[in-house]
Structures are given as C-alpha cells and as structure tokens.
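Colleague: Okay, here's what each chain looks like letter by letter:
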Amino acid sequence: MLVVDVEKRLGEFSLIAAFSGETGATALFGPSGAGKTSLANMIAGLLRPDRGRIVVDDVVLFDSTARIDVPAWCRRIGYVFQEGRLFPHLSVHHNLTYGRWMGGQPADGAAFAQAIELLDLGNLLDRRPGKLSGGERQRVAVGRALLMRPRLLLLDEPLASLDAARKQEILPYLKRLRDEAKVPLVYVSHDPAEVKQIATRVVRLDEGRVVATGGVELLN
Amino acid sequence: MLHLTPEDWTAVALSLRIASVATLVALPFGIAIAMLLARVEFRGKPVVDAIVYLPLVLPPVVTGYLLLITLGRHAPVGAFLADRFGIVFAFRWTGAVISCGVMAFPLMVRAIRLSIEAIDRRLEDAAATLGASPMWVFVTVTLPLALPGIVAGMMLAFARALGEFGATITFVSNIPGETQTISAAIYTLTQVPGGDVAALNLVIVAVIISLAALIASEWLARRATARLHGA
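In order, the protein sequences belong to chains A and B. With the first letter of the first sequence counted as 1, position 65 gets the number 65 in the working numbering; the numbers rise by one all the way through. With the first letter of the second sequence counted as 1, position 73 gets the number 73 in the working numbering; the numbers rise by one all the way through.
Extracted from the complex, chain A is given alone in its bound form:
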C-alpha cells in the first residue's frame, strides 16, 4: 500500500500530486515533463518534497509536518532506472547481490535462484554490464532491484531506451514479475500500449498535476 501526497517546486515547474497505490502495478502515466520521474525520485528519497507525506506499507518515509525524512538508503524502495545504471566495475552477479550485501541480509539461495529464473539471467552472471545488450541490461537492473527485497519496486520508463523488438522481449518478464513476485510495482511510462499491458491501476499526470485516476480503461 502506497500513499503519496506531495508538493515540490522545481524552478518554474510546480508539482502537486496526491494518489494511492495498491498491490499490483500502479502506473504513473503522462507525457514527458508531467513530473513522473520527479515523483518516483521523491518516493525513492532521491528528491526531497517541499511539503507532504509519503507512506509505504504503513511505514512513514516522509512527513514534512512530523519532520520525518527517511534517507534513500534506509527506504528499501527498489528502483529500476531508464538507463539501468548497473555498476560497470562489478560483474552481473555482484550487481545482483549488491542490495542484499548493503542491507546486511543473509544469503538467500532460493530467492536468488527464483529471480534468476524469473528474469532468465542464468548465463549472464559472469559478464560485465559493458558487455550486455540493452534488453539484458534492463533485466539485470530489474533483478538487482528485486533482490534487495524492496517494499515497493519503482520502474521508471524501463523500456524507453529499447527498440520495439526488445520491448516485446522484456514485457513478459515484467508481467511475470507483477504476478509472481508479490511486491507492489509503480510503473512510470508515457506509452499507453505499455501501460495497458502492465498496469492494474492508472494515475494520469499532466503538467505536475494528477488529472485522473482509475483502471486501465482510462487509456481508451
């Protein structure tokens, strides 16, 4: 369960948004410049709202009136970035275990094997990110975020840097993730076709405001 109610000024641009998400996949949908990525960054703790409140699973991550601002590294929000942002100096295997290692969690072979199987990463483990294709890189990025056992998984335009064929290659993995991984997703995208396939709930943004919320029928 996710509750977001925030305000933020960024130069000329102002973002005032309130929405809630449930289990399944909540899409933040809207044109570029609508404030989607800023919202994702605020949930992750990479951008500080001027005012408001962010709650995930009954844990208050940010509350300006109560002066709560949990730092990013304590939030346990998995974040899949548009450009992957894999660590170039670490192997795929070490990228995948980075979050578990930083969180001081014990090794969980079953969870690791499950994520490897879910995202089909088995034959990539010894490679370096520099030697991966765009699609492989994004699958590793999803695996890395998933294996930190997040409270919530943010995916910010995870397919935007891929061509149409690669998108079709990744989408089934994301659907399986939504149905099998039991972690709520927040899926940021400007592409209605993509959102229709992934989302169970849509929050439509435009120019820093929530203009509609509802099911995927919003996109018709």
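Treat each hint with caution, since some may be false.
Said to hold, decoys possible - Label pairs and their in silico Cβ distance ranges:
no., chain 1, residue 1, chain 2, residue 2, range
1, A, C74, B, V207, 51 to 59 Å
2, B, L211, A, R9, 56 to 64 Å
3, B, M135, A, R9, 27 to 35 Å
4, B, L24, A, I16, 48 to 56 Å
5, B, A118, A, E12, 27 to 35 Å
6, B, G177, A, C74, 35 to 43 Å
7, B, V207, A, P106, 53 to 61 Å
8, A, D69, B, V61, 24 to 32 Å
9, B, P59, A, G134, 52 to 60 Å
10, B, Y53, A, F13, 37 to 45 Å
11, A, G134, B, I51, 40 to 48 Å
What the hints assert, rightly or not - One-sided excerpt, in silico: chain B residues whose CB lies under 8 Å from chain A:
no., residue
12, L123
13, D125
14, A126
15, A128
16, V141
17, P144
18, T225
19, L228
It is worth saying that the hints were derived from the structure and are not from the lab. Built from N, CA and C at the ideal position, the CB exists for glycine as well.
Take the given structure of chain A and dock chain B to it, following the hints.
Modeller: Chain B alone, transformed into the frame defined by chain A:
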C-alpha cells in the same frame, strides 16, 4: 658501463624510499582533498583550491623555506612536535618525505579530482536506493570508479617526489645517507672537479627509474580503465 659507488646506491635507495613513502602518506589526504574540491560547495573554496595548487607555482626554494620556518627545530610547529612527541623533521629523511609530499600533492589532487568529477553520480544514487549509506557508496562505487585517476595521481606524485630538489635541499639540506637523494647527489658531484663522470652514472639511473615509472603508470592506468569497462 654503469658503475655506482656504495654512496651512489645509498642515494638511489634513499630517493626511492622517500618518494614511495611520500606518495603513500599523501594519498589519503589527496583523496580527501580531491573529494572536497570535487563534491562540496563551501565558502572559501577558491582559497583552499589556491593553497593546494600553490606548491606547483611557487619556486621550490620558497616552499622549502616555508617548511623550514614552520617545521624546523626552532620553528613554532617544529618545536612543539619535537618537545611533545619527539617528532623531528629537520635534517631527517622524514623531513624530505614532507617536502617531497608537499611538492607532489597538487599533481596527485588534480588527477584524482578530475576522475571523481568524471563519475556518473547517478550510479551513486542507484547505490543509495540499494541500501548503501554514503560511506559505503564512497567505498564501493566512488573509489573503484576513480581508480584510474588515483593510479595516475600516485604515479605522477611518485615521479615528482623522485625529482624533487629545491624544496628538499632548502628544508633538510644535503646529508649523505639521510637526506641526500639522487638529485642532491648529482648536484654535489657537479660541484667537485672531475665529478661529472660519477654524476653521469647517477643521471642514467635517474632516467631509467623515471622511464620505468612512466611505463608502469601507463600500464596500470590502462588495466584499471579496462577493468571498469568489463574486460
């Protein structure tokens, strides 16, 4: 053929020891200052910047003299260190380490700073979302990504320390076996009639060591860069 007297060997060994220790001692400070200059905005930053780079533009003799009047036996800081902790730099090889370290410091900081500034900070954000505290981000992301610059900075500093002459001779003089480095030994030999053949031997050694340091730094920097890009 190359013929070195025991005194020559002493000077060579001393030079290598002083340059290595100066590089290693300067390294943590170099990384800290490079981090500060690359990442932190604060009042007075231009002043800190200028002070760090000062040894690069000051005449080395001036730097040596400044060290002498702060760290010398009867200078305020030097006297305090000697009385309180028994640490003496004046006319000791450790003093040469200080002067070489100070002279090499700007080159080291510059190389490390450039490599820190070239790091994609979004990778550090990604590490934070994965649960890494700022300290862990620094150790597991920033430092490894800055490694080529750190290696280059260390090699530059080592080469600079090896060639240091003016500041060292001003601060700790030219004592065989204690502060007489290759450069100082060559200088001494050129002052003696008929010393130029002996000087030439040391000159050849200096050229060999410098070439080796350059080749090693090229090789190390290339390896470090290749590691980052997944070879």
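Colleague: Each hint needs a verdict: does it hold in this structure or not?
Modeller: Evaluation of the provided hints:
no.: 1; hint: A:C74 / B:V207: 51 to 59 Å; in the structure: 56 Å, holds
no.: 2; hint: B:L211 / A:R9: 56 to 64 Å; in the structure: 58 Å, holds
no.: 3; hint: B:M135 / A:R9: 27 to 35 Å; in the structure: 31 Å, holds
no.: 4; hint: B:L24 / A:I16: 48 to 56 Å; in the structure: 54 Å, holds
no.: 5; hint: B:A118 / A:E12: 27 to 35 Å; in the structure: 30 Å, holds
no.: 6; hint: B:G177 / A:C74: 35 to 43 Å; in the structure: 57 Å, violated
no.: 7; hint: B:V207 / A:P106: 53 to 61 Å; in the structure: 57 Å, holds
no.: 8; hint: A:D69 / B:V61: 24 to 32 Å; in the structure: 54 Å, violated
no.: 9; hint: B:P59 / A:G134: 52 to 60 Å; in the structure: 55 Å, holds
no.: 10; hint: B:Y53 / A:F13: 37 to 45 Å; in the structure: 39 Å, holds
no.: 11; hint: A:G134 / B:I51: 40 to 48 Å; in the structure: 46 Å, holds
no.: 12; hint: L123; in the structure: 6 Å, holds
no.: 13; hint: D125; in the structure: 5 Å, holds
no.: 14; hint: A126; in the structure: 4 Å, holds
no.: 15; hint: A128; in the structure: 4 Å, holds
no.: 16; hint: V141; in the structure: 6 Å, holds
no.: 17; hint: P144; in the structure: 5 Å, holds
no.: 18; hint: T225; in the structure: 11 Å, violated
no.: 19; hint: L228; in the structure: 5 Å, holds
Checked against the numbered hints above, the structure breaks hints 6, 8 and 18 and satisfies the rest.
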